[in-house]
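Participant: Below are the chains, spelled out letter by letter.
2 protein chains.
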Amino acid sequence: MRQSLLFSRTQRKFPQNETFINTKLLIRAGFIDKLSAGVFNFLPLGFRVLKKIEKIIREEMEKIGGQEILMPALHPKENWQTTGRWDEVKELFKLKAGKKEFVLGPTHEEIITPLAKKIIKSYKDLPLYIFQIQEKFRNEKRAKSGLLRQREFLMKDLYSFHTSKEDLDSFYEKVKEAYFKIFERVEIREKTYLTFASGGTFSKFSHEFQTECSAGEDTIFVCKNCKQAINKEIKNKIRNCPNCNGGSFEQKKAIEVGNIFKLGEKFSKPFKLTFLDKDGKEKFVQMGCYGIGLGRLMATVVEIFHDQKGIIWPKEISPFQVHLIPLGKEKRIKETAERIYNELIKEKIEVLYDDREKTPGEKFVDCDLIGISLRMVLSEKTLDKKSVEFKERKTGNLKLVKIPKAIDFIKNFYAQ
Amino acid sequence: MRQSLLFSRTQRKFPQNETFINTKLLIRAGFIDKLSAGVFNFLPLGFRVLKKIEKIIREEMEKIGGQEILMPALHPKENWQTTGRWDEVKELFKLKAGKKEFVLGPTHEEIITPLAKKIIKSYKDLPLYIFQIQEKFRNEKRAKSGLLRQREFLMKDLYSFHTSKEDLDSFYEKVKEAYFKIFERVEIREKTYLTFASGGTFSKFSHEFQTECSAGEDTIFVCKNCKQAINKEIKNKIRNCPNCNGGSFEQKKAIEVGNIFKLGEKFSKPFKLTFLDKDGKEKFVQMGCYGIGLGRLMATVVEIFHDQKGIIWPKEISPFQVHLIPLGKEKRIKETAERIYNELIKEKIEVLYDDREKTPGEKFVDCDLIGISLRMVLSEKTLDKKSVEFKERKTGNLKLVKIPKAIDFIKNFYAQ
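Just so you know, the sequences run in chain order S and B. First residue of the first sequence? That's 11 in this note's numbering, and the numbers climb one at a time after it. First residue of the second sequence? That's 11 in this note's numbering, and the numbers climb one at a time after it.
Read the hints as simulated data drawn from the structure, not as lab findings. You may find that some hints are simply not true.
[To be verified] Distance ranges between label pairs, derived from CB positions: (1) S/GLU326 - B/ASN352: 23 to 31 Å; (2) S/SER132 - B/ARG68: 38 to 46 Å; (3) B/THR29 - S/GLY210: 41 to 49 Å; (4) S/PHE190 - B/ASN352: 24 to 32 Å; (5) S/LYS237 - B/PHE24: 54 to 62 Å; (6) S/PHE190 - B/THR211: 53 to 61 Å; (7) B/ASN422 - S/GLU98: 51 to 59 Å.
What you are looking at is a predicted structure, and each value in this text was computed from that prediction instead of being measured. C-beta atoms are modelled at their ideal positions from N, C-alpha and C, and glycine is treated no differently.
Can you build the whole structure from these sequences, using the hints too?
Facilitator: What follows is the structure, given as structure tokens:
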């Protein structure tokens, strides 16, 4: 992609009225644009990151047997009346089509459960793991947390269906692992704590994944012994770590990046989602649900990986793989840059090519702000040595590499 | 994918209350599920087709320079007031968040134009081609046309921005070609007519892409001379073909599968989207917009490609590449089928494997109903010849192929 054509502009200053550095940076660097409180446009740079996050989540969901579907945002009122949540949930957007009333879905238990009822008849039809990546809506009265609390947000929601609690328990553990794998791939695994949260009627605890972060709106208490955490609500109820029984905690600020929940029969019952078991008896299906917000994950990554100059993208979700920056107006530089640019495209390396007529200073400022993992500079100095200069955004490490070796260098960088 | 695990069930009978064969077939074959009038769930089979259509559209949009973004469904009232469409457009879903009012976007001119205004300053910033693939909402009072007229629907909308009418004209021709390329890839090109439609203030005509189909809700008049068409509205206004001046038409029923429109300054003016031209003068940006509904395209394809037994998917959007069907309960059949299934996965061939305990008759009925382009049968008879039997869904052509050659056969089939 030629930067001169990119539908995005970096801004000199941070936007006003944003609390969080992640949203400030993403707006200033031209990844997103704020349309209204809690409502954002994702520009090409932001869209690319979103798609990469989506790809990681999709791969990890498919690895544990997830089947992808797409459910609508418009939910009939009756579905939400069946569970009582039409009146219970405060943040529902409600609207009418003709005489029919709808909810804009903030979650999809009310849709997936009756849908599963059409398919599940016998124990032979179970287990099932169904997910979607889809826009959710939440009527936040005050949406002041930027990307961390949107009124409309892309979410992965997985629902699992089981013959027994034991089977649910065992899949629940698999999802935990899949979630940690996702957080590992976006490089926040080390800062992310499995956190005990309240569990509702059917399970003593649910779990949140909380990423340690000074700007976080949540407070967690990390067990000094086992490194699992409990949230504030649980802390008020119990003294010891529910995992290892340890009694010593460290308080931290954190952002919730995912949650998993054993629903048990909470939704099976109102929708009468049953199956015929091996013993010939009709039983309620055991359910679980598992969520990750894509925009929130993106925001959390930026909240953690940035410096004074801008964003520092983890490799696997860097909007491009390499930022190619020619410096100087010499003809041979421009020609070599064009040649390298075309070569990179041919090799299917994702490249942002700064072909703009800007000063080196301006180019470097934008480059650091945007935060692509690898910078590739071509200047008189490097060209005299038949080389390009690579700089890793994360470490600042510089490396001069002969031009014919440049593509291998990039491929190796991303293979590590 | 093992069919025994597939989140989907075929039905013996067509659903009641559906008018169109496409929606009847897609429901019966387990591709979609109707949640409410005009509101559908896409099950794994339908979701796969949708993703393949999305891929084709994305590729063709990128080939003409399109940059992908994602705009929200929640649009502030003020944006729609700026153009007067808050009062004009009847099918808007309107809702409130706190004191703020929103529209659920049925189209995105009201969002993309002010967004482009933040980026376009000079003629150097133009042209720009921006698209998204995103859920649209339309408050249809009566939504009785199944997938053809949804209240919530996935759409590709492209917007183009130009310095001059001439540049808009030239890109408009490129989009025409890209659209025909898309229709070619889903194999409806031959039946799809470029159709003159009314153009609004800034252009004499816009264009619809109308696919000939007896069940279509639109009427078009195809010029016998040049094979371009005019829609009913235009037919009432003019006598001769606006393309070749021919005066002889053939009347046909058709489904609108796409539309392209020269907006000119219609939206640039209310939003004051201007640029500084080479001559130093401030001018209004010239705009175009170009839409394709993904679900509607899927429905049209099914409306055209089906027979008494079921759907006949065009190769490039077949939900799977091959439907592997072992017949009989012999151990050697089951073992060979498992081996072939694993081999296909290793070769990255998309396979639906009918591992269910069903009779051959039941399996064949479902297979024809689902309509995967290529069927691969393994039976005692074929195994005695160390072979599998392929059947092309479209032609019914049968071919016995030695097992070690099967993968090459599939690859060749899809390479043609």
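Participant: Each hint needs a verdict: does it hold in this structure or not?
Facilitator: Structure-based check of each hint:
For S/GLU326 paired with B/ASN352, a C-beta distance near 28 Å keeps the hint of 23 to 31 Å intact. Look at S/SER132 against B/ARG68: about 40 Å separates their beta carbons, and that is inside 38 to 46 Å. With their beta carbons about 43 Å apart, B/THR29 and S/GLY210 fall inside the hinted range of 41 to 49 Å. With their beta carbons about 28 Å apart, S/PHE190 and B/ASN352 fall inside the hinted range of 24 to 32 Å.
For the pair S/LYS237 and B/PHE24, the beta carbons lie near 57 Å from each other, so the given range of 54 to 62 Å is met. In this structure, S/PHE190 and B/THR211 meet the distance hint of 53 to 61 Å, their C-beta atoms being roughly 57 Å apart. Our hint of 51 to 59 Å for B/ASN422 and S/GLU98 holds, since their Cβ atoms are close to 58 Å apart.
Of the numbered hints stated above, none is contradicted by the structure.
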